[in-house]
Amino acid sequence: MKLILLVFTYTSLLFSIEIFDVTNNTAKINITNVAIGNSGIIIREIENNSIIVTQAVVSKSNNINSTITFIEKEILPQDAIPTTKIKPRSGDMFILNHLYKTSLLIVPNLSAKKNLLKLYPNQNFLNEDFFAAHLKLTNSPLPSKKIISDFAQSQQIGTIFIVVKNKLYIVDSISFKIISSIDLQYQDTTTNIPFLTKVTDIKTGLWSFGDDKITNYNKYYLNLLEINE
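The sequence shown maps to residues 4 to 232 in the numbering used here.
Don't read these hints as lab results, they were simulated from the structure. Keep in mind that this is a model prediction, so the values were computed, not measured. Where a beta carbon is used, it is the ideal one built from N, C-alpha and C, also for glycine. Take the hints with a grain of salt, since some may be wrong.
Straight-line distance between alpha carbons at most 25 Å, and here's what the computed SDA-like set of lysine to any residue pairs gives [stated by the list, open to error]:
(1) Lys116 - Met96
(2) Lys31 - Ser183
(3) Lys63 - Ser19
(4) Lys117 - Thr193
(5) Lys104 - Lys170
(6) Lys149 - Asn195
(7) Lys168 - Leu140
(8) Lys104 - Ile74
(9) Lys201 - Gln158
Have a look at the derived ranges for each label pair, beta carbon to beta carbon [to be verified]:
(10) Lys222 - Tyr123: 24 to 34 Å
(11) Asp191 - Lys90: 44 to 54 Å
(12) Lys222 - Gln190: 36 to 46 Å
(13) Asn51 - Thr141: 39 to 49 Å
(14) Ser143 - Lys222: 17 to 27 Å
(15) Lys90 - Lys139: 38 to 48 Å
(16) Thr29 - Lys139: 38 to 48 Å
Please put together the full structure from these sequences, using the hints given.
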């Protein structure tokens with residue numbers, strides 16, 4: 004088996020690699036130094052059909068290989084690709100970064116959005132107004148981890164781009180782990196709650212964390228991402 008030596012920063016490129024040392028919950032892949040939380044799908048080729056066996060998330064990675072942990076939840080329904088109850092086995096293929104080419108944007112203002120789009124001209128971004136409309140229709144003013152993740156997966160979105168205080172955090176939509184972050188330059192310090200959108204009348208209410216009740220974009224998303232400042 005050929006060993007692939009890579010040091011991963013964020014990429015939306017797909018990588019297809021055989022799995023081995025399969026257990027009930029995990030398998031290994033010969034790709035090194037992958038960010039914990041990167042996700043993908045495991046497929047099996049049966050009579051010219053690609054069958055999704057399950058989804059998986061990178062749970063360990065070093066300079067020798069990486070371990071992936073299987074996700075039992077049906078996260079990525081594909082009408083065009085048959086699914087089954089079969090279990091992963093050695094020789095199945097792990098498609099790393101599945102759906103990473105499409106992302107959801109959560110940004111504080113227009114200046115941040117414009118600068119982000121310049122950095123990622125080839126990324127497919129779902130218009131954030133669709134997500135805002137979803138929040139409004141479901142009476143869900145708080146974009147929690149579960150709400151964001153469930154919406155992204157329902158729309159076949161692999162990553163969420165969240166901008167907070169001149170920094171971009173790229174989050175895997177399945178694991179909700181930060182898989183990459185970079186500084187993002189923009190001068191506008193204004194914020195929109197719950198995020199930049201043309202959709203109006205999303206009731207924001209009070210966001211409570213312990214004894215604190217806040218209506219602050221930066222504090223909310225830093226808390227959501229589990230970042231201490």
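Status of the hints after comparison with the structure:
no., hint, verdict
1, Lys116 - Met96, "36 Å, violated"
2, Lys31 - Ser183, "22 Å, holds"
3, Lys63 - Ser19, "18 Å, holds"
4, Lys117 - Thr193, "14 Å, holds"
5, Lys104 - Lys170, "20 Å, holds"
6, Lys149 - Asn195, "21 Å, holds"
7, Lys168 - Leu140, "29 Å, violated"
8, Lys104 - Ile74, "21 Å, holds"
9, Lys201 - Gln158, "20 Å, holds"
10, Lys222 - Tyr123: 24 to 34 Å, "26 Å, holds"
11, Asp191 - Lys90: 44 to 54 Å, "50 Å, holds"
12, Lys222 - Gln190: 36 to 46 Å, "21 Å, violated"
13, Asn51 - Thr141: 39 to 49 Å, "40 Å, holds"
14, Ser143 - Lys222: 17 to 27 Å, "19 Å, holds"
15, Lys90 - Lys139: 38 to 48 Å, "41 Å, holds"
16, Thr29 - Lys139: 38 to 48 Å, "40 Å, holds"
In this structure, the hints that do not hold are numbers 1, 7, 12, in rising order.
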